[in-house]
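With chain A held as given, fit chains B and C onto it using these hints.
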Amino acid sequence: MTKSLPRFPCSPLVYGTLLGLAAIAFEFTLPPYPRFIFGQFAVLVIITLGVNLLLGVAGLLSLASPAFVGIGANLSTAIMLRAHVPILVSIPISVIAGWCIGWVLGTVSLRLAGFYLAMVTFGFLDVFLVILNEGGDYTGGGYGLIVPISTLPIIGNVTLDVVIAISAFTAGLMIVLVGQVQRSRIGRAWLAIKDEPIAAEIQGIDVPRMKTLAFAVSSALATLAGTYQALLLGVTNPSAYSLNVAVAHLTYVVVGGMTASVVGPVVGPFILFVMPETFRAIGQYREVFYGAILLLVLIVAPNGITGTISDLMTRGRARLGR
Amino acid sequence: MNLLVGGIAIGAVYALVAIGLTLIFRATGVVNFAQGEMLMAGAYAYVLLTQSGAGPLVQILGPIALGAVIGLVFFFVTRILLRRAPEISIVIGTLAISILMQAAARLKFTDNPMRAVPWLFGDRDVSLGSGTTISINSVTVVVVTMIVFGALYWTFRRTTYGKAMRAVAEDPVRAAITGIPVNRMLALSWSLGGVVAALAGMLLAPITGVYPAMGAGVLFPAFIAAAMGGFESVFGALFGGIILGVVQTYAVVGVGGVARDGITFALLVAVLIWRPQGIFSTVTLRTH
Amino acid sequence: MRGYRFFASIALAALIASLTYVPARAAGAQGVSAKAILVGVQVSLTGPASTVGQGFKAGTQMAVDEINAHGGINGRHIDVVYEDDAGTAEGGISAVRRLMDQDKVFAIFGGGTSTSTASVIPLIQQSKFLYYDSLASDPRVLQNYSPYVFSGMTVVRADVAAYAAKVLGQTFKAHTVGFLSSDEAFCTTVLPFMIPRLADQGIRVVLQEKFKSGDTDFTAQASAIKSANPDAMYLCGLPADGGRLLPQLKRAGITSKLLGDTVFGDTVVPKLAGSAADGFYALWINSEQFMGEKTGPMGDWKTRFAKAFPNPPPNTPNSFSLAGYADFYVFAEGLRRAGPDPTQDKMIDGLEHVRNWTAGKDAYFTWAVPVGLPRTFRNGDHKGNRECVLIVVRNGDYSRVENFGT
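If you're matching them up, the sequences are chains A, B and C in order.
All residue numbers for the first sequence refer to my numbering, where the first residue is 1 and numbers rise by one.
All residue numbers for the second sequence refer to my numbering, where the first residue is 1 and numbers rise by one.
All residue numbers for the third sequence refer to my numbering, where the first residue is 1 and numbers rise by one.
Just chain A, with the same shape it has in the complex (with noise of 0.2 Å):
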């Protein structure tokens, strides 16, 4: 199925923080433009490490990831505003808002899958976006809300900087941490629920448990996304949580391979986020060429970019007899 990395010789969260230390290390070697780009693609990282556990994992398919973004970015910004607390009160609230929504969510399709599900999903993302823009005052209706500036003990403002490397780090955090969840018990009964519903059942597996419990994962973690993609940009603004979106968190989810590898997430946005960016060049022609490798990618590598190199090496290993 998957190939494992080696067991950590310490506790993850020790690697975890590792890797969190070193993103921040890397993205501070980064000219400022670049760097603005490197803390938008570590809250994509971070929600498709959400997404991919929700259908590369535990085999659902959910098009609600953007209204859990738009939960984190406005949750916060309206508490901010309102009640006047920094960003350690308000981000801690939000995601756990986003944690018990999602589990909502979760018992809500416990009945239903494949597109049935989808459609739901979208339904959830589709009032979502009315209560944004119906939201007067407390949303900033169709217009969004306008991010304050919060502080941090002993860092003091909360700049663009701090914020890319906050984001850096709990991106790293968290590739290691949700690599570790997959891996465990949680996560073998997520791929069983996903490759062989009845069987599990049958072994003893708490489905509606598990799904539930997926759900709540993957969106806790892009509500968190959510808080901090509103600090890098500095306002909400209901038209980053389209159905568009959502189409984009799926793609970069099968580009990246619909595996329990850490890796697929963060390939996927990388290939289709980053790069498009970098070559600017490109100009109108973005939405071909997003289309474009999309396509390819599919045609080439049916199971995505880690799927195909785990059937590769599966086929390599057969092949050398061991």
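In short, the hints are calculated from the structure, not lab data.
What you are looking at is a predicted structure, and each value in this text was computed from that prediction instead of being measured.
C-beta atoms are modelled at their ideal positions from N, C-alpha and C, and glycine is treated no differently.
Among the clues, some could well be false.
Unchecked claim - Derived list of chain A stretches under chain B, where covered just means 3 residues or more per stretch with a C-beta under 8 Å from a C-beta of chain B:
(1) 161 to 168
(2) 247 to 260
To be verified - Partial selection, computed: residues in chain B whose CB lies under 10 Å from chain A:
(3) Leu61
(4) Pro86
(5) Gly262
Same frame as chain A, but now just chains B and C:
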């Protein structure tokens, strides 16, 4: 009365697209996310032919031919190029093609809508008595949808081709064993789906104008209509589409335009909770 | 096991070191070299508003080429870099950051949509960077006055409401008025301004109907309008919406006078609506004459455009090309007044002394075609355009009725 007719007319367009979706899914197992773009291509073909002064016969045959060809292209991509891909990748594949098609149309024509004259009868209005006037295009839409539905229904029930296609849909392996050319049947189904979409494009064009995102706008309601038929019953898709169009139009009056999507979604949830396999389907729910 | 400790300390050191990093800002004017000035243009080249961006870019480029052909500004020629913002908020922020930090332009000339422009204003204010907004009419652009933000062709929503109320009351002499508006932000913001202005003239608002942008069926709204039967209606939405709803209103037999928002001043409306658009009024802010006219300055301008772009992007020139052309000249005038050693502050000062100014009617840019409406800026007031033209559809295209100004 105007409301009812308006609702039926837009419902007929939803139904037509839903029938195309159902057709393709039944035959190939693929949810075609690019059905809207096939519609868009047909609409552009129609409006360009009309502007170049072609006769009414060419005006309708052109988009139909284009639809058939596009369907074949989709067959080639999904069945040949993507044959080793898991189901979700094929669906994303149709999505990729839809992105390409929309982007290409945008580059060539921009987002400014082009005006389309209703087929055959032009811009005229028809009076139905007691102060109700409707555009003649609305009548055309309903008539064509009924004809298409009738033709497909008859094809599936009565002709050999139709039965062969159903056999392939139900069990491709057994169908292949009995000598049915599976690939040919799939190609035919895709072509047919493309033709239906192109027709929908021709009929929608005078209502909305022709622009790259026009298909995307009807795709969601069409999915719901197809879902009401369980993605299985063509009659269900027809019924679902019309009901959806009427409910939407009346809902806009009652609740205001902004609630339109909410009503659509609520209807979907209602159907899925009450009868997840669709109102008219006869098979048990397929878990993908 | 020991390796990771070493690694960790390196990473920690890097982290601490980098937190003390402060980005250096060029002391002199960035984007200015001995022979050239680099101007950044934010424009929506992709996305749903791509016609806006493509048109704007063409008009801007025409002005740039003309200026460079006549020696540039104060001995320097103008280099332009266009950054696409895809019409979205994140796109706008990315584009502006790229222009400021990567391309390092002198100042930004903005042709983005309302969404992509309004979202960058906080960033502009924070960065204290000169931004000239030509198109975006979002109230948030100018609502918090900033010395760094200027607004060109676009008329603020509150002023549009005032003009519309004047037309409804004085030109149409209506006593009852109805609204039919989409859920777009620029529509929902103008109505609250209009209602008190109408009340001042003793006009009653008898109905407010809404629709969703992109809707195709207006039967419901049409029957509501028919029964309320106001003297006049104010319509707001995107041009495509206008093109779709006019035939349905006509078919429903509505006889109220119809006035469309500034956004409806677009050839798409009469083209899409066909004969149903005859007699439809709209507000126009891009130039003195409407786009369709073939004589006078508009005719000259169109001839020049055709020569400059033998293969123009589809559907150009459009009203946004006019905006790009006219406003870039205003921008250039500000630059010219900043003198031989331009800085942003000098350019801001230069712009703030522009009064009733149109390129082609001024002393310096005599070769330009005077198509734009005059611009005026003052210290504390950066709303450039205060005029509005009433246009009406006759024989398939708009023509001018009268001007309104403050």
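So which of the earlier hints does this model not fit?
1 and 3
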